[in-house]
Amino acid sequence: MPQVVIIGGGLAGPVLALALNKQEISSAIYELRPRTYRSGGNIAIAPNAARVLNNIGVYGRLRTQGFNYEEISFENGSGNVLGKFLNGSQKQYNFAALRIKRSIVHDELLAACERRGIPVHYERKFKGIASETDQGATALFEDGEEVTAGFVIGCDGIHSKVRNHIEAVQPVFSGLMGIMGSTMEAELTSMHAESHPSLPSMMFGANGSFAIMPSSFDGKNIGYFATIEAEDRSQEEWSELYQNKSELHQWLTDRFASSASPWPSLVQELCEKTPQDTLTSWPFFSVPELHNWKSTAGRVIVIGDAAHAIPPTGGQGAAMAFEDAETLSYVLGRLSGLHLAHPGGSHKVFTGEILEKWQRHRQDRIVKVLDFTSKNGTLRKSSPHAYEQAAKEWIIWAALKFMGPEAGAKWLYSYNAENVLGVIA
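Numbering-wise (my numbering), the sequence shown opens with residue 233 and increments by one.
Don't read these hints as lab results, they were simulated from the structure. Here the structure is a predicted model, which means the values were calculated and not measured. One thing to keep in mind: the hints can contain errors.
Said to hold, decoys possible - Each computed DSBU-like pair below joins lysine-lysine, with the alpha-carbon atoms no more than 30 Å apart:
(1) 633 x 613
(2) 613 x 600
(3) 505 x 477
(4) 600 x 323
(5) 393 x 357
Construct the entire structure; sequences and hints are all you get.
Right, here's the structure in full:
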């Protein structure tokens with residue numbers, strides 16, 4: 233029997249399993265989707281996320297499969313540079329930023345789990361928590377199987393079923409969605425023009441924002457991420473939109489590549505020439521603040537999007553899930569040591585106290601990250617009036633001019649998960 237059952241085999245689940253493995257804690261992952269499933273799009277690996285991946289031994293394999301960079305150019309919708317933001321730095325944070333295909337990250341995490349003998353069970357639909365005591369919890373699956381472990385950890389995303397055992401809340405749509413796509417540099421004649429935006433770049437225009445970021449090590453695979461306003465839909469309707477590549481293409485061309493479009497030619501060419509099979513959509517949801525990430529008995533816990541879905545406007549969604557996972561592994565490692573040192577002792581008391589300290593520590597950080605993300609999200613929204621657009625551009629210019637390229641983000645990118653050991657001491 234594993235010491236920990238992990239529900240969800242996306243990104244957070246394998247990261248947690250690998251971090252627990254370093255603490256000599258056994259785990260098993262249960263994933264709804266088949267092994268052949270491939271998630272689309274690219275992912276941002278900020279320095280704080282890279283640090284976690286390095287600590288669990290997979291960063292070295294990933295670094296050579298994605299685009300490494302430090303600065304990102306912030307520009308207006310016409311391509312005029314407003315300033316440079318330090319998105320990563322070998323000197324400042326020991327890690328550059330990395331843009332990489334999500335599927336590559338997922339595959340490398342699963343391969344690492346396999347090398348370390350961590351079982352991953354696919355096509356297993358979690359139904360609920362069958363029972364919970366001070367000693368452990370039992371996960372129930374749709375096929376009737378029950379699996380008992382010391383802890384059941386929900387890494388099952390924004391629509392988490394594990395979360396319902398702790399606190400039943402529904403995700404809230406932010407009013408924004410992203411459309412992602414990619415193509416090869418050789419297909420883009422605008423890349424050879426002197427006036428094209430310096431890459432990677434984030435452009436803030438009057439009718440949305442448009443980020444252009446290479447995602448291959450050689451920089452020749454050019455990806456982009458357009459952020460636009462959208463109406464909420466049902467889960468089924470969002471899934472249908474994700475599959476409807478022609479509609480996504482139409483959204484892009486209507487907004488960024490029409491005959492009257494003020495956007496740079498590279499943006500327009502990307503929208504027009506991107507192979508439609510590379511297009512994916514991403515509605516930005518958040519989870520209302522949870523009072524608890526753990527059950528009353530402390531044996532069922534949620535992390536990542538299940539606990540605090542963070543819109544991608546700050547590039548921190550995956551990073552926060554990775555930090556949750558690594559910090560929790562240190563906590564469970566400490567608890568494991570205490571249980572061995574005090575068999576049959578007051579395990580209920582110190583389990584609750586230590587988990588409470590961990591939870592407060594993570595919640596305090598999430599509040600700051602959500603504020604950072606919200607401010608970025610506001611800048612990505614449309615500016616229907618010229619004065620609003622001018623104000624937005626001035627805010628970006630002034631922040632980078634007077635705060636410098638770090639823009640006060642050291643607290644964000646320098647985080648080290650191991651410091652949680654001091655918090656729970």
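Status of each hint after checking the structure:
1. 633 x 613: 22 Å, holds
2. 613 x 600: This hinted pair holds, its Cα atoms lying about 21 Å apart.
3. 505 x 477: 13 Å, holds
4. 600 x 323: 24 Å, holds
5. 393 x 357: 10 Å, holds
Consistency note: the structure conflicts with none of the earlier hints.
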